[in-house]
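Peer 1: Below are the chains, spelled out letter by letter.
2 protein chains.
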Amino acid sequence: MRFISEQRLDDGVLEREFTLGEIPGTLWMPEWTPERTPASAAPLPLILMAHNNGMPKADPRLVARARYTAARGYAVATIDAAGCGDRPRSAADERARAELGRAMRAGEPLDDIAASVIGPLVENAVPDWRTTLDALLQLPGIGGPVGYSGGWAALGIRLATVEPRIAAAGFHAGGFVPRAQREEARQVTVPLLFLLQWDDEGNPRQRALDLFDAFGSKEKTLHANLGGHTGTPWFELEDGCRFFDRHLK
Amino acid sequence: MRFISEQRLDDGVLEREFTLGEIPGTLWMPEWTPERTPASAAPLPLILMAHNNGMPKADPRLVARARYTAARGYAVATIDAAGCGDRPRSAADERARAELGRAMRAGEPLDDIAASVIGPLVENAVPDWRTTLDALLQLPGIGGPVGYSGGWAALGIRLATVEPRIAAAGFHAGGFVPRAQREEARQVTVPLLFLLQWDDEGNPRQRALDLFDAFGSKEKTLHANLGGHTGTPWFELEDGCRFFDRHLK
Numbered sequence: 267m268r269f270i271s272e273q274r275l276d277d278g279v280l281e282r283e284f285t286l287g288e289i290p291g292t293l294w295m296p297e298w299t300p301e302r303t304p305a306s307a308a309p310l311p312l313i314l315m316a317h318n319n320g321m322p323k324a325d326p327r328l329v330a331r332a333r334y335t336a337a338r339g340y341a342v343a344t345i346d347a348a349g350c351g352d353r354p355r356s357a358a359d360e361r362a363r364a365e366l367g368r369a370m371r372a373g374e375p376l377d378d379i380a381a382s383v384i385g386p387l388v389e390n391a392v393p394d395w396r397t398t399l400d401a402l403l404q405l406p407g408i409g410g411p412v413g414y415s416g417g418w419a420a421l422g423i424r425l426a427t428v429e430p431r432i433a434a435a436g437f438h439a440g441g442f443v444p445r446a447q448r449e450e451a452r453q454v455t456v457p458l459l460f461l462l463q464w465d466d467e468g469n470p471r472q473r474a475l476d477l478f479d480a481f482g483s484k485e486k487t488l489h490a491n492l493g494g495h496t497g498t499p500w501f502e503l504e505d506g507c508r509f510f511d512r513h514l515k
Numbered sequence: 267m268r269f270i271s272e273q274r275l276d277d278g279v280l281e282r283e284f285t286l287g288e289i290p291g292t293l294w295m296p297e298w299t300p301e302r303t304p305a306s307a308a309p310l311p312l313i314l315m316a317h318n319n320g321m322p323k324a325d326p327r328l329v330a331r332a333r334y335t336a337a338r339g340y341a342v343a344t345i346d347a348a349g350c351g352d353r354p355r356s357a358a359d360e361r362a363r364a365e366l367g368r369a370m371r372a373g374e375p376l377d378d379i380a381a382s383v384i385g386p387l388v389e390n391a392v393p394d395w396r397t398t399l400d401a402l403l404q405l406p407g408i409g410g411p412v413g414y415s416g417g418w419a420a421l422g423i424r425l426a427t428v429e430p431r432i433a434a435a436g437f438h439a440g441g442f443v444p445r446a447q448r449e450e451a452r453q454v455t456v457p458l459l460f461l462l463q464w465d466d467e468g469n470p471r472q473r474a475l476d477l478f479d480a481f482g483s484k485e486k487t488l489h490a491n492l493g494g495h496t497g498t499p500w501f502e503l504e505d506g507c508r509f510f511d512r513h514l515k
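Which chain is which? The protein sequence lines are A and B, in order.
The opening position of the first sequence corresponds to residue 267 in the working numbering, with each subsequent residue numbered one higher.
The opening position of the second sequence corresponds to residue 267 in the working numbering, with each subsequent residue numbered one higher.
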């Protein structure tokens, strides 16, 4: 892991860009101070934060969530996994994405075409996230436990299923979850906070409620708020941190 | 309003029993201290807290919620309204209640019989709650705004519809709401926190989701947790206070 830039933010958070082989990433942590040094402080819990379906890690909404969470005493990391953000995509990937865009604009049923785009994206992203997790847990001051927080529920379901180090997960319901991950949800058993926008334009409410019902977790909480896809109220950011406080601190 | 007993609790809360005409009630408030006097402190917001379908105000779960909420900086009041708790009931009321109990034990459909018991209970309780609200707002140190918090959603819907002083409401979905109040829900427009137990034995999930959908409030949040009727996790008590903090403080 090679750090290529760093920036001190107003809220006492240090934001660092890194590369790990071909993977570009960003890590946010509270700044060290004379009172809080890597030697004296308890290791920070780590939250992996992913944006939906391959959207770039620099998306302002993701960055705002990450900074807020880091200021609350977490190491927060995001990456552009294979095929995500500005990472190169194969000609076949590009064609599938273009076809998905066309189907969305035409108002056609999306299930099969979305699965053909997002399924492989999830499969390819998982190894990059696990490699990143290995590297992050080697850094001074980061000690786990590990949480996953993200709009990208499909990736989160996959990661929580295959990655035993993930101890709690916060998902946003507003992204397409292929059938494979909907079925895999039964295998997710970590404490779960599931966030639903009640009138999300592109995501049928009943499907989201069915997904919440399917998770295997004994402790799971649904927060639903009125409004459309991007209308999640600010207090859910704080509620999300409090959820992680309960399980990771 | 006549105070008939008072008790200082460990958490800095003063618990006082009162009577208001025929209405028995309990009021919890943070104790006054040399630093916090009725003259110096900002008036406390008031929360009316009701237990389900006429259950007594002394129910330990209600009392625990009330004490916790008062310690967070609220005046909290509950009463046994007409026909509730130990208040006298007419022979007709007693017969209707016995019939409801029989139907429940027999597993019969409850809608009509429950409506015939709970509908009049709500109608008769509302004037007692409004009389109590008038009296409470005359007390030193209590200045509103006013919230309603309760398992008794049917009463809360009625009160929030007819009582403009109620500025925010927290309902537990796990009680029978007669059709009249389900229809009245559209007229409830205050900010709302709606609490649902996902596997509540006696309360169909879909009916609760439909009720949440029906409320006219622009700001409404659903919290659903795994488990049965009495399994609400402790952190929802804190979340409920934070909801009221946002709207009443």
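Calculated from the structure, these hints are not laboratory results.
There's no promise every hint is true.
Heads up, the list lumps identical chains together, so a pair's fine if it works in one copy or across two of them.
Straight-line Cα separation of at most 20 Å, EDC-like style, residue types lysine to aspartate or glutamate; simulated pairs [claimed, not checked]:
id: 1; residue 1: LYS484; residue 2: ASP377
id: 2; residue 1: LYS484; residue 2: GLU272
id: 3; residue 1: LYS484; residue 2: ASP465
id: 4; residue 1: LYS484; residue 2: GLU467
id: 5; residue 1: LYS484; residue 2: GLU365
id: 6; residue 1: LYS484; residue 2: GLU449
id: 7; residue 1: LYS484; residue 2: GLU297
id: 8; residue 1: LYS484; residue 2: GLU429
id: 9; residue 1: LYS515; residue 2: ASP378
id: 10; residue 1: LYS515; residue 2: ASP505
id: 11; residue 1: LYS515; residue 2: ASP377
id: 12; residue 1: LYS515; residue 2: GLU504
id: 13; residue 1: LYS515; residue 2: GLU288
id: 14; residue 1: LYS515; residue 2: GLU502
id: 15; residue 1: LYS484; residue 2: GLU283
id: 16; residue 1: LYS484; residue 2: ASP511
id: 17; residue 1: LYS484; residue 2: GLU450
id: 18; residue 1: LYS515; residue 2: ASP476
id: 19; residue 1: LYS515; residue 2: GLU297
Peer 1: Which hint numbers does the structure go against, in order from smallest to largest?
Peer 2: As far as the earlier hints go, 1, 2, 5, 7, 9, 11, 13, 15 and 18 are violated by this structure, in ascending order.
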